[in-house]
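Asker: Single-letter residue listing:
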Amino acid sequence: MQISMTINGTFVTREIEPRVLLVHFIRDDLRLTGTHWGCDTTNCGTCVVLMDGQPVKSCTVLAAMADGHAITTVEGLANGATLDPVQQGFMEEHGLQCGFCTPGMMLTARALLDHNPHPEPLEIREAISGQICRCTGYATIVRSIQWAAEHPVGATTETTDEEVHA
Amino acid sequence: MQIPAPFDYVRASSVDNALALLDRHGAESRVVAGGHSLLPMMKLRLARPDWLIDINDLFELDYLLVDKDVLRIGAMTRHTTLLESDDIKRLFPIITDAERVIADPIVRNRGTIGGSLCQADPAEDLSTVCHVLEAMAVVRGPAGERMLSMADFHRGPYETAVAQNELLIEVRIPIRTGSSSAYEKVERRVGDWAVAAAGASVSLDSAGTISRVAVGLTAVGLDRNVTEVEAVLVGQAPTEELFTEAGRLASLACDPLADQRGPIDYKRHLADELTRRVVRAACRRAAASVSEITI
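The listed protein sequences derive, respectively, from chains A and E.
The first sequence begins at 1 in my numbering and counts up by one.
The second sequence begins at 167 in my numbering and counts up by one.
Looking at chain E on its own, in the form it has when it is part of the complex (with noise of 0.2 Å):
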């Protein structure tokens, strides 16, 4: 049976009641959102807070706002919030397609976007698509606010620049016009972490040629876009021969580890695949948007 170590818990009323609870409970102190990620390593005594501050009563980063050239997203926007958004489907297709294999339907009941990229694991999605989508992170401390791009937020495997009396409570997502994006995943089964993932954001001048492009890697030891793509791609008409360079650059440019999930050639195999057929995906969904372009 797992149980996790004694803790005392605390609910948060507002933002600026968790900012106070984390100053006064200190370094042992944990927020707790969906708790998908938390309460499972709680229980395997990974990870062991003297205090569990619960955030979930903070419905007021519970939202999606399309405020002019930007969507902005609260930290506590769940899982099947995103995968349910019109506005989402529409501006930034990545995340529906992301969101459809992240986790299970009823994990994804739970889970938050703030969480997921607190969480910061290698296998987890959103941080590819916030990267590649280059989403500003607004963090909330006891000195103000600030924002930090994905580069600055996400340090690396499990830890982000949030500092332990700071909270993250919005994503930003600029809004481009002639632009999309695409996310593919393989994963062994429902609810398991990817063996490889790819994702690809576009933008099109009005001749059709590759303005921006963004691609991202999931679970194969890339923390950064793939930056070997955009200097190739930009200021070319899309083509089939530079999707397959695209996932050629990108399989040179991963670096995975073999484990469980499958030898070192079969994930960068997929890194190559997967990115051929995301940025194809986000070059023609890019193009549908501009009506006059085929591809």
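Bound conformation, chain A alone (with noise of 0.2 Å):
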């Protein structure tokens, strides 16, 4: 079957088979390997991608459900070369180790802070509590979506400057 839907702002179309989960279409067929597989049971949410500006588990949703749809993966967050806030903030506050959690983290961060700017760290950890980061560094990763909300529009030009210079 044919499905269409815009990846990070481009129009894609595709021939699938009607089986094939979004989490592989986006790997497999549209090369964005952000996007990590990892569980495959609903669990982990390292798989998420924003459907529309939800954030949802893509190995839990065909592709053929995201036809007609808008997703955002971990490859769309920046703007250009500008960090998105919540990627400058896992930067600021060492929100990854290893690193595997961090796109599905990420995405649901910036889904949080787009319908609630001011979470509380409560709040926080509600939002990220069906994501799983085996490194165990949640207080890090808290604390990276706080910096995100209080840095809205990213690291001012001034700390830009200063870690150039550096």
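To be clear, the hints were calculated from the coordinates, so they are not data collected in a lab.
Source: prediction; values computed, not measured.
Ideal Cβ placement from N, Cα and C applies to all residues, glycine included.
Incorrect hints may have been included.
Here are some chain A residues pointing at chain E (derived, C-beta under 7 Å) [stated by the list, open to error]:
| no. | residue |
| --- | --- |
| 1 | Pro18 |
| 2 | Arg31 |
| 3 | Thr33 |
| 4 | Asp40 |
| 5 | Pro55 |
| 6 | Val56 |
| 7 | Thr60 |
| 8 | Ala64 |
| 9 | Met65 |
| 10 | Arg125 |
| 11 | Ala127 |
| 12 | Ser129 |
| 13 | Gly130 |
Computed Cβ-Cβ distance ranges for the label pairs, DEER-style [stated by the list, open to error]:
| no. | chain 1 | residue 1 | chain 2 | residue 2 | range |
| --- | --- | --- | --- | --- | --- |
| 14 | E | Ser455 | A | Ala139 | 48 to 58 Å |
| 15 | E | Ala327 | A | Gln97 | 15 to 25 Å |
| 16 | A | His115 | E | Gly310 | 36 to 46 Å |
| 17 | A | Gly53 | E | Ser455 | 19 to 29 Å |
| 18 | A | Gly53 | E | Arg211 | 27 to 37 Å |
| 19 | E | Glu325 | A | Asn116 | 32 to 42 Å |
| 20 | A | Pro117 | E | Gly387 | 43 to 53 Å |
| 21 | E | Asp431 | A | Thr82 | 39 to 49 Å |
| 22 | A | Asn79 | E | Glu325 | 46 to 56 Å |
Take the two lone chains and join them into the complex the hints point to.
Answerer: Written out as structure tokens, the structure reads:
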């Protein structure tokens, strides 16, 4: 069957088998391997992508069900060379260790902040409660998302300059 | 890698279209809503439909309406919508309590009330909630609509009265004055099925006496309300002794199995403790809605 969707702002059309899962469509057909494929059982959340702005576990959505929808993957977070505040926050607060859970965590964080720009730490914990960090770095993930909430347009120019000169 | 067996996919454009597709493709067709029960089963090849009929475009079934003394919930209403609804929180806090602990926030973005009820998993929370709220299920088929009580709708584990060529389209919950409700679950971690859970709905009369009560249990082998509790509580003023007795009766009425989530005596203990808590919480909330009563 033929499906079409918008991925990170780009319209794509592909011929697929109806049984192809969205995570495999994104990774194998579109070669966007930033979306990770983890437990395959809706538990770990590393395959989270945004579907019309809402986080979904792409191992439990058929690519066919995403036909006509807008998908955002981790590759779509940055605006050119400018990182999304969430990405910047994960850098500033060391929100990743091995990095396997990071794409899903950052997309859930983006959706949370779009919905609730000033979340309490408990609300952040609740938002990421369907995702697993096997390095157990949850405290720094929560701090990274808080950093992003406190810097809605990312780092200031000053900070960037300092980094460049450092 | 878990991949479903091959199937043909079709998207329904309306309820009538979905019914026509079910009729045309027959016994080997299945409806998919949020897909968070059916797709994992298909990935494990526990379900192998030849046709998958996607009803996610049926926005006509995504609504919450207060219609006089009934709350009408469209079958495609997502868990997240139920959790965030102020009407639900005010009228049926049991649904808010339950939604907070159903799966995880991301799964709740996809899952629907209709899908949960039709899956009829014995550890599924909304079936218990709908039982204690005395909800009615509106089921549509080629011959028209029929209204079923939860007792008639829910036939047992993974089995409902919805025929192959029918669709659950709405859940109707009666709104009663002086009433409230509560739900509590024990789970090993976020997203796991319940070890045990309990729900209660209580109505108080103007004197603060319990005029109606319904208690239900999840994941402990009881497909019906704990009617034993109703007989003892109705006509009494709510007291701690009464909550204790409700818990004792619930633990006797349930029939849990030992599994990786715990042994039988632990699950009976949870049925007891959680029943006490939800009956107490429902009584307090109901009393708060009838301002002159305090418990």
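Asker: How does the Cβ-Cβ distance of Ser455 of chain E and Ala139 of chain A compare with 48 to 58 Å: does it lie in that range?
Answerer: 40 Å, violated
Asker: Just to be careful: measuring from the Cβ of Thr33 of chain A to every Cβ in chain E, is the smallest value less than 7 Å?
Answerer: With Cβ-Cβ at 15 Å, over 7 Å, it is violated.
Asker: Tell me if the interface restraint on Thr60 of chain A is satisfied: Cβ within less than 7 Å of some Cβ in chain E.
Answerer: The hint holds - Thr60 of chain A has a Cβ within 7 Å of chain E, the shortest such distance being about 5 Å.
Asker: Per the CB criterion, is Pro18 of chain A less than 7 Å away from chain E?
Answerer: Constraint on Pro18 of chain A satisfied, holds at 4 Å.
Asker: Does Ser129 of chain A meet its interface restraint, that is, does its C-beta lie within less than 7 Å of any C-beta in chain E?
Answerer: 4 Å, holds
Asker: Return the status of the interface hint for Asp40 of chain A: holds when the least beta-carbon distance to chain E is below 7 Å, violated otherwise.
Answerer: Check passed: Cβ of Asp40 of chain A comes within 5 Å of chain E, closer than 7 Å.
Asker: Look at the Cβ atoms of Asn79 of chain A and Glu325 of chain E and judge whether their distance stays inside 46 to 56 Å.
Answerer: Hint holds: Cβ distance 51 Å, inside 46 to 56 Å.
Asker: Hint Arg125 of chain A vs chain E: min CB-CB distance below 7 Å?
Answerer: 10 Å, violated
Asker: Against chain E, with CB atoms and a cut of 7 Å, does the hint on Ala127 of chain A hold up?
Answerer: With a closest approach of 6 Å, the Ala127 of chain A hint holds.
Asker: Starting from the hint 43 to 53 Å, judge whether the C-beta atoms of Pro117 of chain A and Gly387 of chain E obey it.
Answerer: 46 Å, holds
Asker: Taking 27 to 37 Å as the stated bounds, is the beta-carbon spacing between Gly53 of chain A and Arg211 of chain E within them?
Answerer: At roughly 33 Å between Cβ atoms, Arg211 of chain E and Gly53 of chain A fall inside 27 to 37 Å, so the hint holds.
Asker: Double-check Val56 of chain A for me: the hint is only fine if its C-beta lies closer than 7 Å to a C-beta in chain E.
Answerer: Hint on Val56 of chain A: holds, closest Cβ of chain E at ~6 Å, below 7 Å.
Comparing the model with each numbered hint stated earlier shows that hints 2, 3, 10, 14, 15, 17 and 21 do not hold.
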